[in-house]
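J.: Each chain, written out:
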Amino acid sequence: MSEREANNRNKDGRNRRQFLTDSARGLCSMGLISVGLVSYGRQAQSHAPEAIRPPGALPEHEFLSACLRCGLCVEDCPYDTLKLAQLTDPVANGTPYFVARDVPCEMCEDIPCVGACPSGALDKSLDNIDDARMGLAVLIDRETCLNVLGLRCDVCYRVCPLIEDAITLKLERNPRTGSHALFIPTVHSDHCTGCGKCEAACVLDEAAIKVLPIDLAKGSLGKHYRLGWEEKEKAGHSLMPDLIKLPTRLPESSQ
Amino acid sequence: MSSQKLKAGSAHLIGRDAIAAKGYWQTYRLLLLRRLVQITTLGLFLLGPVAGVWLLKGNLSSSQILEAVPLSDPFVYLQTLIAGHRGETTMLIGAAIVAVFYLLVGGRSYCSWVCPINPVTDLSGWLGRRLGIGRKVSISRWLRYWILALSLLLPAITGMVVWELVNPVSLLHRGIIFGMGMGWYFIGAIFLFDLFVLPKGWCGHICPMGAFYSLVGKFSPLRVKASKRDACNDCMDCFAVCPEPQVIKPALKGKEKGVGPVILSPNCTNCGRCIDICSVNVFEYGSRVANLMENQP
Chain E
108 MSEREANNRN KDGRNRRQFL TDSARGLCSM GLISVGLVSY GRQAQSHAPE AIRPPGALPE
168 HEFLSACLRC GLCVEDCPYD TLKLAQLTDP VANGTPYFVA RDVPCEMCED IPCVGACPSG
228 ALDKSLDNID DARMGLAVLI DRETCLNVLG LRCDVCYRVC PLIEDAITLK LERNPRTGSH
288 ALFIPTVHSD HCTGCGKCEA ACVLDEAAIK VLPIDLAKGS LGKHYRLGWE EKEKAGHSLM
348 PDLIKLPTRL PESSQ
Chain S
464 MSSQKLKAGS AHLIGRDAIA AKGYWQTYRL LLLRRLVQIT TLGLFLLGPV AGVWLLKGNL
524 SSSQILEAVP LSDPFVYLQT LIAGHRGETT MLIGAAIVAV FYLLVGGRSY CSWVCPINPV
584 TDLSGWLGRR LGIGRKVSIS RWLRYWILAL SLLLPAITGM VVWELVNPVS LLHRGIIFGM
644 GMGWYFIGAI FLFDLFVLPK GWCGHICPMG AFYSLVGKFS PLRVKASKRD ACNDCMDCFA
704 VCPEPQVIKP ALKGKEKGVG PVILSPNCTN CGRCIDICSV NVFEYGSRVA NLMENQP
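Chains E and S supply the protein sequences, listed in that same order. Take 108 as the starting number for the first sequence in this note's numbering and just add one per residue. Take 464 as the starting number for the second sequence in this note's numbering and just add one per residue.
A few of these clues could be false.
Unchecked claim - A partial selection of chain S residues facing chain E, derived with a Cβ cut-off under 10 Å:
#1 G511
#2 N522
#3 I620
#4 L634
#5 M645
#6 W647
#7 F649
Simulated from the structure, these hints should not be mistaken for laboratory data. Ideal placement from N, C-alpha and C gives every residue a C-beta, glycine not left out.
This is chain S alone, in the form it adopts within the complex (with noise of 0.2 Å):
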């Protein structure tokens, strides 16, 4: 796991062993099926003001099915309770809603399934990938929890809900649907940080978004499994396309410490790119309890 290993590693072209081994749609299928989720929601959203179809109403921030089911995303929720305000009960509803379903399914999922800042990150960090450049700065990727702690404790000291003021993912969401303005700026100030300035940066490092969901997903059943860690060749491919690299190493490398093959960390988003970059498939998706399975005598 040296940094040696690491440089020999991003110096090959990134999924060519893949491609080799198990062909382009092998390689890509899940990054496609994500990005087909992405616009898919996305386009169920702008169906309503745009042809005037509204199976889904409003935006991320809160929405209805059908002018029925209620969701409401339980981080914004949350701040508007601090705040103090005491909300209505489809609000209510509607978060528990989102809550439960990102508890299954791996909080982080919204990150890499359905936020749309995912696109801008990964595209910067492709572009990153491609054009050589690297870290320049180093920032702890405990300052995301941070931010969610200051986002959460600021409207309670205030009154005021601040994150929301500035929150790109929301404005993102909010700004494709009901006009953006000069927020495009402020997108690509994310997008030319994550490529000059810190990889990852936004999403791995700073968005108490993620920070909230990698909590709401702690103890979610799906989940990342390395279950044939033995077959690892050590090509590094899975760390390069990673968002979270340092959520692999103890899954993939631990067994001699004992550690199980499952991706356990709250922050794997459960975006599949392992799964797919790997040219001897060591990573499939499975539930988190393989593990005390493998751990039993």
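One chain only, chain E, in its complex shape (with noise of 0.2 Å):
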């Protein structure tokens, strides 16, 4: 009796020693996972600037933590433009991107991709393909862009599902002929979805136009900053009232 009892404290205090020792060891390789799974995590949050997410996507850091990587939004695509990132894909593993100069987003109107989306990582308010902001198109090559060397290419501007109004034509003088003009694709902020079609169609063999990330696409003013023509539309008449009298200060002999 007594030696089964020994038995049981040797028994035990093997468990206990057992006990810590998986203990350390769970702590131990708890902390070189952590550390191995936050910084992929980390890197995982900045992408390619080429890959481009659904239309009605929340910020990147937002949509990681929502994307459950089901893949209802591309199966739901009927242009085949979304796919999901594989392991080494320069996007967060099995998460939706499309790459506009292969397959751009052809904006259908009622929206597919955010209708299947289950955990709303894409954004149902988004009711109007036209207020999408997937990214920004940028006229970013501007020494071999056609249309800026004089030729009248005007690809990306015709292809634009919102000519007129994301994509315009600005006039300018050619400086090399003298008499002709240049007609300068000119994007707006305020109309581009981003939807890359005009990057998929650039003549070019790499594109001059590319759709970036807004944030990298924009600037931004700062938040004090006032535009005095703005103001003074606003206010109805100049923020100065009475224009500053300079003293003249021509030599004598010329008065």
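Join the two chains into one complex using the hints; note that each chain is given alone, in its own frame.
T.: Next comes the structure, spelled out in structure tokens:
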């Protein structure tokens, strides 16, 4: 009987030791795994600029915590634009994206991808595809763009689903010939949805117009900054009541 | 239950007794049925993208039956919830349906009947037994609960759903439907880890998804029970084929200690290999309340 008790105690002692060893091991592996996971997660948060999220996608950080990676948006995309990121793609594993140069977004009116999303990672409050802001087209290379060179390519302008709103042709003098105009493709961020049709259609080997993530493409004025002419219009009159009278500084001889 | 017995058990060909006593069909029927369910599940998901028949849409992380009934993986849902995303009701309903289903049929039934990693690690385990490769390292089977805690804690701290970046279960299922790319290497690594480093390593020691589902099915009514444990002839075949052999012992050998015949451990995957492989039919599917009946005076 006493032998059995001793055995039990031994067993308990071994169990306690094993429990402590296991816990220590668990904690160590946990630390290692979390460092690995978190650093991989941080890396995954910044994806390649050519990877564009579907319409209605929440801001990237929120999108990554919301997306279930189920692929329902991909399966409901009628143009096979969307795909799910694979392990080594430069986008968080399993999340939906598209590359405009390969297959741009066709801007379906019923936005099936958003309707399919079960998690709200694609925001259901987007009911008009023209309000989508997947990215922003930027005429990124003015040295190779045919229109900037003085030719009439106009392809990006012609294919734009919001022609004359999202892309306009801005006339400039052509200093090379002196007698012609340059028709500069000009993107307007208040209308461009970032669908990427312009980038896909650009006739160059490497597109001169590209859709970029909006935070990469856009500058932003300081919050304190006021534009004089806008303030003047708002107020209905000049904000400076009296024009400052400056003294004439001409040499006395010419007065 | 000494290690000598274990060795003696694995020396003979596992399942030989059962085949002799019951024939091939009775020895492998639940295994075949399980493979059929796994293939059918995957097939239904593939039918849409391949043939345009949309019975089941999406993947195991979230899906729709006939474009009407939503299903969502409660583990994936929980991760997004903890990361701070207040999801759509669709997702909540889907997760609830799946959770209730596995609560009823046994949480880890997901592992053995649905999970696409299961055939990979089963194949690895089978090959390991055939080649006589033993374990090289020892890792606690509690590790998966640590990793589960981690995968639910890290989203709270960092706001990122980190486990889904690497989760091989969703990676494989998603990959088969939407394209796998380099993901195959990851799955290959798990196969080799199970084969050469630690048998039953991934599913039995590491996978937090299995750990999660074990908690979902903690009180599941559907259980395996060793009804005819008195007939056990100590051949050890059930221990050899079981993905979680530690769950068998209390039920099979616990009669003297007053332990009931039902396998109550939530880590039993309800795969039913023990039922098939036993030449004297000790095991059967049953309900967990069978233990209460047994213990009544």
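J.: Could you tell me which of the hints above the structure violates, numbers in ascending order?
T.: Structure breaks no hint.
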